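Asks: Given next are the chains, with one letter for each unit.
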Amino acid sequence: MHFYQYEIRLRARKRGFHLISDEIISVAKGISEIKSGMMQVFIKHTSASLTINENWDPTVRADFERHFNKMVPENAPYYEHNYEGSDDMPAHLKSSLLGSSVTIPITNGKPNTGTWQGIYLCEHRNADTGRNLIISLWGI
Amino acid sequence: MHFYQYEIRLRARKRGFHLISDEIISVAKGISEIKSGMMQVFIKHTSASLTINENWDPTVRADFERHFNKMVPENAPYYEHNYEGSDDMPAHLKSSLLGSSVTIPITNGKPNTGTWQGIYLCEHRNADTGRNLIISLWGI
Amino acid sequence: MHFYQYEIRLRARKRGFHLISDEIISVAKGISEIKSGMMQVFIKHTSASLTINENWDPTVRADFERHFNKMVPENAPYYEHNYEGSDDMPAHLKSSLLGSSVTIPITNGKPNTGTWQGIYLCEHRNADTGRNLIISLWGI
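Residue numbers (my numbering), protein chains in the order written: chain U, 1 to 140; chain B, 141 to 280; chain R, 281 to 420.
If you are wondering where the hints come from, they were derived from the structure by calculation, not from laboratory data.
None of the values given here were measured: they were computed from a predicted structure.
Glycine included, C-beta positions come from ideal geometry on N, C-alpha and C.
Check each hint, because a few of them may be wrong.
What the hints assert, rightly or not - One-sided and incomplete, this derived list gives chain R residues near chain B with beta-carbon spacing under 8 Å: (1) M281; (2) F283; (3) Q285; (4) Y286; (5) I288; (6) Q320; (7) H372; (8) G379; (9) S380; (10) N412.
Claimed, not checked - Stretches of chain R that chain B covers, calculated by requiring three or more beta carbons in the stretch to come under 8 Å of a beta carbon on chain B: (11) 324-337; (12) 346-358.
My request is simple: use the sequences and hints to build the entire structure.
Replies: Written out as structure tokens, the structure reads:
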């Protein structure tokens with residue numbers, strides 16, 4: 001079995017949903033060695049998250065930002081945790097709704113995703129900051 | 141280590157939540173070879189999703205459909221992406237809320253799930269269409 | 281490759297979000313044998329869930345409970361499944377929104393999580409009950 005692991009730091013991105021599939025694949029060189037396997041991408045933060053969604057039309061990503069802001073509003077009267085501003089607690093909630101990782105099958109050295117699937121970095125904070133990811137690959 | 145991978149196409153199902161555990165297990169023949177391991181099921185689409193929930197009472201699945209339609213409404217005034225109709229953008233949002241995959245432990249050749257856990261196909265589009273899944277198994 | 285699997289029963293906890301990282305790590309002894317690998321924690325229930333979030337300030341966990349109660353209310357007029365009380369159907373919905381498992385990279389014998397990341401048991405039922413988890417570890 002192969003097992004490869006990579007840690008990368010993404011450059012700061014503004015609040016919103018960002019397509020990062022190409023960046024992930026360019027780092028995860030070992031993928032070409034794997035005939036059948038898996039790739040997991042994990043984000044080491046609790047105010048940003050990862051998800052898989054539509055990779056072509058940028059209005060999908062803008063609609064995600066608007067919808068999650070409505071579903072998880074700032075300044076809800078019941079928030080106690082607000083040390084770091086009005087985007088703080090919503091960022092934690094969005095992070096758990098979307099999740100800290102995505103796991104994708106690998107077939108013949110490539111991610112076996114659908115034509116329209118891409119990996120999103122979901123940046124829930126206002127202040128731009130870099131984000132650390134771990135990419136793990138395993139298989140035969 | 142064993143690693144097995146299967147690609148299947150599910151028949152078209154109407155919008156809603158559908159129990160597909162038996163269909164998955166009947167395809168994933170290699171599971172009987174695995175003493176301790178994992179099974180991942182991945183959906184290659186961005187307008188349908190997979191989750192694990194109650195496998196006995198069909199009213200749970202009907203309540204899921206009603207609740208997700210309320211939580212992620214059609215025709216929200218802030219949606220820009222609506223090329224394919226009013227169910228288009230809600231389908232993408234529901235897909236990321238529920239997730240593109242489920243991963244389940246395998247013990248002694250069987251999924252080690254709780255008595256009441258089943259795998260749901262979450263079909264978020266109105267027009268029936270088949271869906272492609274990848275099932276990956278690994279372990280010792 | 282190493283593959284280790286453990287089944288544990290958590291003691292009953294009251295409805296809400298509870299930090300269980302230390303309990304998981306103390307059971308998953310094999311982790312120290314793994315240089316590069318993965319840990320999955322899976323919950324064998326459909327009315328409780330697992331997520332990763334902020335591990336330091338308990339007000340985050342209290343805000344989670346309040347927010348999820350608002351986002352997934354009790355007694356919604358469209359719920360049909362209510363055999364076990366008003367917390368029954370919301371528990372199933374919250375379980376699928378948050379997910380039945382978390383998967384974390386292992387590096388040099390330890391979980392490779394961010395400083396502020398912890399594992400939450402999300403208990404969605406009113407009546408305290410123990411919960412069964414499976415912890416799986418694999419890697420080289």
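Asks: All hints, please: hold or fail.
Replies: Hint-by-hint comparison with the structure:
Satisfaction of the interface hint for M281 (chain R) is found here, the shortest Cβ-Cβ separation to chain B being roughly 5 Å, below the 8 Å cut-off. Given hint, F283 (chain R) at the interface with chain B, holds; its Cβ is 5 Å from that chain's nearest Cβ, closer than 8 Å. Taking 8 Å as the C-beta cut-off, the interface hint given for Q285 (chain R) holds, the closest approach to chain B being about 5 Å. About 10 Å separates the beta-carbon of Y286 (chain R) from the nearest beta-carbon of chain B, more than 8 Å, and the hint is not met.
Of the supplied interface hints, the one on I288 (chain R) is violated, with its beta-carbon coming no nearer than about 12 Å to a beta-carbon of chain B, more than 8 Å. Given hint, Q320 (chain R) at the interface with chain B, holds; its Cβ is 6 Å from that chain's nearest Cβ, closer than 8 Å. Taking 8 Å as the C-beta cut-off, the interface hint given for H372 (chain R) holds, the closest approach to chain B being about 6 Å. With 8 Å as the threshold, the beta carbon of G379 (chain R) comes within range of chain B, its nearest partner Cβ sitting at about 7 Å, so the hint holds.
Proximity of S380 (chain R) to chain B holds as hinted, the smallest CB-CB distance being about 5 Å (cut-off 8 Å). Against a cut-off of 8 Å between C-beta atoms, the interface hint on N412 (chain R) holds, since the closest Cβ of chain B lies about 7 Å away. Using a Cβ-Cβ cut-off of 8 Å, 3 residues of the region 324-337 of chain R lie near chain B, which meets the minimum of three, so the contact claim holds. With a cut-off of 8 Å between beta carbons, the region 346-358 of chain R has 4 residues touching chain B; three or more are needed, and the interface restraint holds.
When the structure is compared with the earlier hints, violations turn up for hints 4, 5 and for no others.
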